[in-house]
Structures are given as C-alpha cells and as structure tokens.
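S.K.: Below are the chains, spelled out letter by letter.
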Amino acid sequence: MEFKIIPYGSNAVLISFKKEISAEVHKKVRYLYEGFRKLPKKGIIALTPAYNSLVVYFEPKIQNVSGIHNLTEIILSQSESLKLKTFQVVLPVCYDEIFGNDIQFVLENNDLTLEELLVKHTSPEYLVYMIGFVPGFLYLGGLDEKLHTPRLSVPRTKIPKGSVGIADNQTGVYPLETPGGWQLIGNCPLNLTGNNKNSMIEMGDIVKFTSITKEEHSKLLGEFPKRTLLS
Amino acid sequence: MKIKILNPGLNSTIQDLGRIQGLAYGIPFSGAMDKKSLRFGNSILGNPSTEAAIEFCVIAPSIAFNGNGCIAITGVNLIPTLNNDIIPLNEKITVKKNDILRFKGSNENGVYGYICLKGRLRIPLIWGSKSTYVYGAIGGYKGRALLKEDVLEVIKCVSSSKKETQLVIQEKPTIRILKGPEYYDFPISDIERISEVIFTISKNTNRMGARIDNIKLRGTLTGNIISSGTMPGTIQVPSSGIPIVLLSDSPCTGGYPRIGIIIKEDLDQFCQIKPGASFRFKWCD
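Residue numbers (the numbering used here), protein chains in the order written: chain A, 1 to 231; chain B, 232 to 516.
Mixed in with the good hints, there may be bad ones.
Straight-line Cα separation of at most 30 Å, DSS-like style, residue types lysine-lysine; simulated pairs [as the list claims (entries may be wrong)]:
(1) B:LYS410 to B:LYS323
(2) A:LYS19 to B:LYS410
(3) B:LYS505 to A:LYS61
(4) B:LYS410 to A:LYS28
(5) B:LYS235 to B:LYS505
(6) B:LYS393 to A:LYS41
(7) A:LYS161 to B:LYS505
(8) A:LYS18 to B:LYS393
(9) A:LYS120 to A:LYS146
Please keep in mind that the hints were generated in silico from the structure rather than gathered at the bench.
Please model the entire structure based on the sequences and the hints provided.
M.R.: Okay, here's the thing in structure tokens:
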C-alpha cells in the first residue's frame, strides 16, 4: 500500500507515505492536502501537512477513520488529473556581516569566497516542504552541497527576527526572535509571521533568495512577502 | 463596561478555545489550557462557550471595573475578593462601577484560573480566535500578556443557554492516554512503565509543554522521526528519554517519536496539575 493511515487522538488521523524526504514523496502529500482542502462539507476541520505525512482533523459526528481512508484513496487516484499551481516567493536577504555573524565561518568551513556563497545561496529554487516550529518557519529543500555547514555547538539564546541561517543540509529564515543553533549568514527584512493571512507562504511554494544592500534592507523592513503564480 | 488591570498577575492572557486554521502555516492552536473551566465560566454568565476570558497562571491579576456588569471566576482554587469581601468561585457575581477584584490565598490544587466577563471581549479575531500566542506575538491583547494599566472592553452579546459542568480539580489524577503514532516503535518495557510509574510534573512546564520528572524511558530504536504534525496532549519522547507533553502553545510539527496522546476529556485535568504534584497515566482504547 502506498500510504498508512492511523488514528491520532479521537478526532484526527495521521496519513503517512514512504519514510523519506524527497520532492517525489512530498508531491503526494501536496496532492492530498490540496484534495482535502477542496472537499466541501465532508467534516474535515483542519490539516497539518509535513514532509511525508498529513494530519487530518475531522468532526467526529460527521466523519471517521474509514471515511478519511476512502477519501484519501479517491483523492490519490484522481491526483494525476489534479493540476497543482506553483507560486514563487522572492525573499530579499542582506548578506552583510552585521547580520551574518557566522558568514566567515561558513566561508572558511567550505573554502568559498563571499561571491561564491552569494551565487550558491541565491541560485537554487528552494521547495517549501512544510511550515512549522513557529509561525512562518519554512522547511526548505535544495541547499547547495557546498554550503552544508554543521550547527553551532552551543546554540545562541537569542537570534534576531529575519536571520537567515544554515544548519547541515538546511537553510531558512527565523521569522521570530528565538533561540537557535543555525549558522547565520544574513537577514531577510520581510515579515513572515502570521498576522497577515494573505501574505502567508504555503507549503509547495518555491522560494528564491536575492541579495540586497543594507540600505535596501532598511527600506523593506516589515513588508510582507508577495506570492506570484509560476505555473 | 471597561476594566482596567491594576496588577497583571502571572502570565495573564486572553484565551478562548483556540485556533485551528493556521496549522499549515505553523500557527499553533493556543487557547485556554483548561477549556472545561473556561466553558463553565461562560455558561454561568450565559455567554457562548467560545467566548474569550482572562486566563491567569497561579497568581491572579487585580482588576478595577468602570461600569456595571457580571463576572464568573473558575479554575484554580484561589480566594477572590470584591472590595476586600470574599466572593465565591463558580458563581455569577455582579460588579459595579469602581469595584475592585483582588485575590487571596495560594493554590493548593490547580494552576490556571479564568476570569470570565459577561458579554463579548472587544479583541480582534486572528485566524478565527482571540487567543494570545505570546511567543509569536499573535492574537489577544496586542499579542502579549496583560500589563498594568491595560484596559479591556466588554460589549453586549447574544446570550446562550448552553449548560456546562465544572471541572473538579483532582489531587492525584489518573490521566487516560491513547496510543500515539509511534507507539509500536517503543519497547514493551516503556509502554508498561508509562502506566505503572507515579509521575510528577516538572517545574519546567508552561503553555507550550509539560516535562515529566522521575522517569527515563529507553525510547525507540529508530530515533527521531521525519518531522510531522503534532497536537496538544501528545506525549513525545526525545532521545533523553524524558517525556514531554505538548500543550496549547506547542509547535504544530515535531520530530520526536510520539508514544501516546492524552484523551481530550482528560487534558484539562492534566493542565491543572501543579508542578511537583503527582499523577499517573492509564492506557485506554
């Protein structure tokens, strides 16, 4: 069987696919997520998509585990005909050392020049696998292997909002001031937290970073990201 | 009616039953830690059970009223006073202009209290809820805990006749749990021990999660999982072997194996266990 479905608490189920982090497995989660989102009045209350799984919350008076199982099979069997839209979000990042406290370490660790780091970090189209940990925290896939850097051995107690970091094979933006152990290479001035529903980046979106100056950074401070339809 | 905070107490926030529409964006449930007590307070006043109230943690706020209205206080068993006269918990209390609500005593049992106000609290809905998520500065009064001099407004609303029952806060409760998604990855000894040991709640406990003292589980052989959706009540076991129970403000996703989940009916009781107090878990179907 392609997926596993198990009860999780009394009004939710966990649907999981193959245990791997890949765009291929993630696409199935996305088909299912979009499929459930489009179902009108089937007792589905909310969804938490992740790398290879989806939690589906349901209204127990209307829906149950076997009902969700059937819906899952139907959605997946029709997924080939479901056209998923792809949105792109460009996140401006100032890679100045005043924000990127660890940029020298990352350069030395990977034997790179600043120029090379900028190219390698701003070239990929990163896939948003999921959003979690805190509001607006993006789990991105696609970091260039030459940028992989281990986490700090002692995490910082305070990381400024907007910090852009690298941890092993991951890169991302801290949307809030939090403690954290990622190597900081820059700062994104945009507001990624959940106060403005319409600006929220979604799982399945494509993120691109673009390098900006300190002056541009201060001009963009607090603005919300824009999602543009790619295909 | 408007009310003014004279003294904010400890972690006093606006909470209702929480929000569920933002999970896919990393926005947690939030909402009252003891929803049963919140619902009960609202039902005493004839409010809809979804209305928000002031939640406090162990130390209650002092409040001045600048108009006439009604309040009800539920949850943790402190001693409320109105103009220094003791007033009962769990009853409808009429307040008049210039009255002052203060609390006495300390909590023998329980942690969270609710000051419910008759009517609708004038707080904007964020993702369908008035609940405060302090960590993300989302919802409630300016996204934060209440401070001295803050003013809240209550406006009239359609009354509801739904009756709710009181949560009786128990001394050494038995909390029922269901199998979590990774239940079968844990050794049988862990499954057995979790329902045999008498636990205490760690002092290192807040609206995000409760740590459990005096147990160290062996944990799964397979280690951490690929991060996946989580919900309040979930019992996670990190590699330290010390279980963490996720609560209202916990992140919507996590990567630790989930051995079990507290049933909805017992989560309010669990949240009212004082740090240092004991309880047990019991597997159920």
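S.K.: If a hint holds in the structure, say so; if it does not, say that too.
M.R.: Going down the list of hints, with the structure as the test:
1. B:LYS410 to B:LYS323: The hint is violated at about 40 Å.
2. A:LYS19 to B:LYS410: Distance ~20 Å between A:LYS19 and B:LYS410 Cα, so the pair holds.
3. B:LYS505 to A:LYS61: Violated, at roughly 34 Å.
4. B:LYS410 to A:LYS28: 26 Å, holds
5. B:LYS235 to B:LYS505: With a Cα-Cα distance of about 29 Å, the restraint between B:LYS235 and B:LYS505 holds, given a limit of 30 Å.
6. B:LYS393 to A:LYS41: Between B:LYS393 and A:LYS41 the Cα gap is close to 25 Å, so the pair holds against 30 Å.
7. A:LYS161 to B:LYS505: 34 Å, violated
8. A:LYS18 to B:LYS393: 46 Å, violated
9. A:LYS120 to A:LYS146: 8 Å, holds
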